[in-house]
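Asker: Take a look at the letters that make up each chain.
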Amino acid sequence: MDDILDNQTEVSCDVLVIGGGTAGPMAALKAKLANPKSTVILLEKANVKRSGAISMGMDGLNNAVVPGYATPEQYTKEITIANDGIVDQKPVLKYAQTCYSIIEELDSYGIRFQKTANGDFAVKKVHHIGTYVLPMPNGETVKKALYRQLRRARLLISNRFMATRLLVGDGRIAGAIAVNTRSGELLVVRAKAVVLCMGAAGRLGLPTSGYMFGTYENAANSGDGYAMAYHAGAALANLECFQINPLIKDYNGPACAYVAGPFGAYTANNKGQRFIECDYWSGQMMLEFYNELQSGNGPVFLKLDHLHADTVGEIEDILHRVERPSRSAFHAGRHTDYRRQMIEMHISEIGFCSGHSASGVFVDEYARTTIPGLYAAGDMASVPHNYMLGAFTNGSVAGKDAAEFASGYELAAFDRGDVERERERVLAPTRRDDGIPPNQIEYKTRRLVNDYLQPPKVARKYELAQQRFAEVREDMERTMIARNAHELLRALEASSILDCADMAAHASLYRAESRWGLYHLRTDFPEKNDNDWFCHTLLSKRAGRMTSEKRAIAPYVVPIADDEKKLYDKQRVGARAAV
Amino acid sequence: MPLANTSTSVPVIVDNEKCIADKGCTVCVDVCPLDVLRISEQTGKAYMAYDECWYCMPCAADCPTGAVTVNIPYLLK
Ligand SMILES: Cc1cc2nc3c(=O)[nH]c(=O)nc-3n(C[C@H](O)[C@H](O)[C@H](O)COP(=O)(O)OP(=O)(O)OC[C@H]3O[C@@H](n4cnc5c(N)ncnc54)[C@H](O)[C@@H]3O)c2cc1C
Ligand code: SF4
Ligand code: SF4
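Protein chains in written order, with my numbering: chain B, 1 to 579; chain S, 1 to 77.
Everything labelled a hint here was simulated from the structure, so no lab data went into it.
Treat each hint with caution, since some may be false.
Stated by the list, open to error - Part of the chain B face toward chain S, derived, beta carbon under 10 Å: (1) Arg50; (2) Arg182; (3) Ser183; (4) Glu185.
In this text, a Cβ means the ideal position worked out from N, Cα and C, and glycines have one as well.
So that you can see chain S by itself, here it is in the shape it has in the complex (with noise of 0.2 Å):
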């Protein structure tokens, strides 16, 4: 069976102006329990690359600048 591509919206945030990602900061995605986050190759800031989220907070607790926020899934809103 094909594969379709179906969009969701994600619960996090990151500021691009905020992320230091290109600086080589990778805390968000370390410390994620349900490895979720990545650096995106092409603007170099941190993003949530997959829907799996647990809206538990410590990328956003964790980010030296305040980048990341965590807001509810829309399913449960």
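The following block holds chain B by itself, in its conformation from the complex (with noise of 0.2 Å):
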């Protein structure tokens, strides 16, 4: 089972889209359709049908900028200010303009969205100052719905291939390379323009359960997208502003303030009270969360045993259906019901993603990363809080950009010996008879991750994890093994994580103030400073080297008043009358 094979094939396309969750399939597609006589490869390390964060559907679109709700210049503001300020405007500008077009042509796939009396979307109010959560009906069907379009499109689908590197000559981009996961047998993609839609760094910490897969992203997401897109020297902005989600306590599941919140449920403290005024999650509402959890009045919980039994039971045949729908054997295993208890939450494992926080490889509005031809879109990409319509917009927006820069160029050029080195690279753990297995490797390196890099966080602790991640790192480069195709697969993950957990301790250490609530809170600078570090940061690799900058803020193209910025640092109820 499994065996490996020592094979290496070559194919050449226009464009190269990997992975194939949710901003994967819309830019393919988008690409095709824009230059139909152009070839597109959509390669996936799982299998396009049920891949990705909405394998099993979504009960909503957290973001959506709906005509008569809110307007793009609203929603701008709104995450300019739950970004605390750290925010490239024009490119959330951009989504929120685009945005309503992609509910439409959804629409149009047959993905329904819930409608008033009156015919028009019922968006729901969850954020601090706008409305703009529409429930998805039947969103369990929103991954088949997408495949029907992919099919119809005719475009080329390689299952069960994971990337593992990108190529770049000519100053430009030119492929990527990808190991077949059931066989290990490499593939080289020679490619004009390449997409990049690997999701979040989601296997970055580590479940307090100890059950490594049991992590709130996908857990097939992990990091490939942020290894690659570094070793090829493609910059990454705002790494330290980690992604930490309010979960059910154990299961990685959100509680889902978002569908219940609208019913009347809410997030409470032990004594069954509110304690934050919004749902919506931010850093500035997870400090609060945390703080909360951290006192006597914690652990947390979500509340709905005050609400009817039908409402409850209206709540539940979403949350049971869609999204993560073993929740409800979890919750029958624990003897847990909401119309009786409060359930008890936790907070996640950290993680990159641009989908929730703002951690993701640099892009500008057209998806464009700071290497030609090489795009970025989904979670993995930076525009902040973009969750799920954010992979679809700003998907179609880099399908289409990537057909048009691939329509002008010939294959670039590379270096043979890329493609060597990274044959050896892939390689060596299958080569070995004796050796630690990528399993221990991978908790290692997580465990230290929770060990140190967990926020609050502080510099000595963060030396202590460089220290150790190195000596995994020597570990793994001299004598992690492989025995067959699978562990292989988990081996070269195991290096992505190394490289995310390298990342992230990094670019924390940099940014020497807090920023964010509990994304990034270092007690040795708990104070926000905007007099030094009102700015990005971006982290790349410079002559073999992880180096971090600062990148000043464009210029807001919507202004924020001083008395609308700090509006998500008062979480706390009661804090707005009090400040």
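Starting from two chains that each stand alone, build the complex the way the hints lay out.
Answerer: What follows is the structure, encoded as structure tokens:
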């Protein structure tokens, strides 16, 4: 089973899209439709039918900018404030202006959105200021509907190929190298343009349960996209702005105040009292959540037991069918019932994810990275708080622009030695008879991430983490062993995870202030310092070394008044009155 | 360092009576995002080969005969 075959194939295409979860299918579709004669390949580690965050569908759009409820300018303002001012507004505004047309397109694919009696979209208020959450009554069909479109457009889909490195030549993108996850065979894909849609770095921290695959993010998202962009020399933005989410304790589903909130549920402390005004996920909100967890009022709960049984039934019908349907088995095993008990909550492991926070490969409003011909969209691209509709919308933007880029170029030349070196790196663990298996390399890395990188952040702890990571890296490079193709997949993932751990440490040490609430809470620099740090940080590989630098924030296109800037700092119940 | 075989209880169970892998079905193996299911060479039925499950449930949702049950992994049950 999973025997390793020593083989290598080479193919060429106009546009290569890597990752067939949410953003990827949309990018591939748009690239193909923009230029139907071109060759577009969609490469996926798993199977596009059921891959990515939306493998079992989603219960709603978290950030729909729907006319009549909000304007693109209001949305841009809200996200700027929610992300503590560190926002390139142009991509956010572009998203906000474009996303409604994508909702209409999804609607035409057969995905339904909740409507009022008058036939208008029924958008709900969850954010601090505006109204942006649009439920999807048949949300479980998202992936199927998308897949039908891909089949219709006759896209080339390569399932079970894990991309491992990008190829760069002539100062632009040249393609990518991938490994078959069932045979270990290498695939070299030459491409005129490449779109990275590999999702969040979701296997960075270790869930408190200790189960390595019990992550909030789809556990196939091991941060390969971040590692590949880094090794290719692209800039990555604001990696110190970690993703940390409020989840059900031990279960990796969101407690889902976004679903239950509009019905009257809320996040409560052990006294059953509301302590945050708004359940929309932001670093500032997570800090209050964390404070409450640590306090005498902890732990924190999702409270529904005050709602009518029929209302709870309606909520359960959504939560137990879509997104994380094993939730019902979890509650049954614990004998918990939303009608009778509050549900214990906890905070998730850390990760990188722009979809929820702001840590991603740096992109502009055309989804272009800093390498010509290389694009990124979805959770791994730096557009903050972008969620599912952001992945669809910016995937679409990326696909179109990539098609145009590809039409103006021939395939770039590249150094054949790069393929040889990657081949050696990939296969090294298969050539050993004895050594450390990938699961131990991965477990140790992630345990160290929890011990040292989980906020609150302290420089000395971070430096210790860097030393430990270097030791694990040495073990990985010298002794990691993979006995079959499946273990090789995990070995390559372990390497991405370690790269992400190093980047998380480096970026966090660089920003010598606290920002984004819990996401970058440095106890040794507890204050926000706008004089020195009102800027992005960009991390990249220069002459083989990890470096960080500041990047000025582009002048806002949507101005924020001084009294609005701190609105997300006032999350605690009563804080608004007090300030 | 020599390797040991440490046993774990896996969360996904396949009902061999219902599984039609011996008639050529590989649906659950094909759709699993974590690629942890295989068809057993001994029994000709699907089974969980690697304890690396996201308990996401496409395997159960897409199985044509309802043979798959996804349980919560013991560590977080
Ligand atoms: C549990 C959960 C609940 C959520 N709920 C909501 C919600 O209710 N509303 C909302 O708007 N948003 C929600 N989100 C966020 C939203 O789902 C994501 O922001 C969005 O789907 C991300 O899309 P993506 O394309 O970036 O990543 P994904 O959809 O995760 O796709 C990434 C793909 O890349 C593939 N891949 C990874 N590495 C490689 C590699 N090396 N080679 C090839 N392929 C690779 C993966 O297999 C995967 O298919 C939720 C997310 C999660 C995890
Ligand atoms: S999908 Fe069902 S019937 Fe098919 S192989 Fe899997 S368990 Fe057997
Ligand atoms: S629950 Fe998900 S990860 Fe587990 S075996 Fe089924 S499809 Fe695979």
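Asker: Give a verdict on every hint.
Answerer: A quick look at each hint next to the structure:
Interface hint at arginine 50 of chain B: satisfied, since its Cβ lies 4 Å from the closest Cβ of chain S, which is below the 10 Å cut-off. With a cut of 10 Å, the hint placing arginine 182 of chain B at the interface with chain S holds, because the nearest CB-to-CB distance is about 8 Å. Interface hint at serine 183 of chain B: violated, since its Cβ lies 12 Å from the closest Cβ of chain S, which is beyond the 10 Å cut-off. Because the closest C-beta pair between glutamate 185 of chain B and chain S is about 15 Å apart, greater than 10 Å, the hint is violated.
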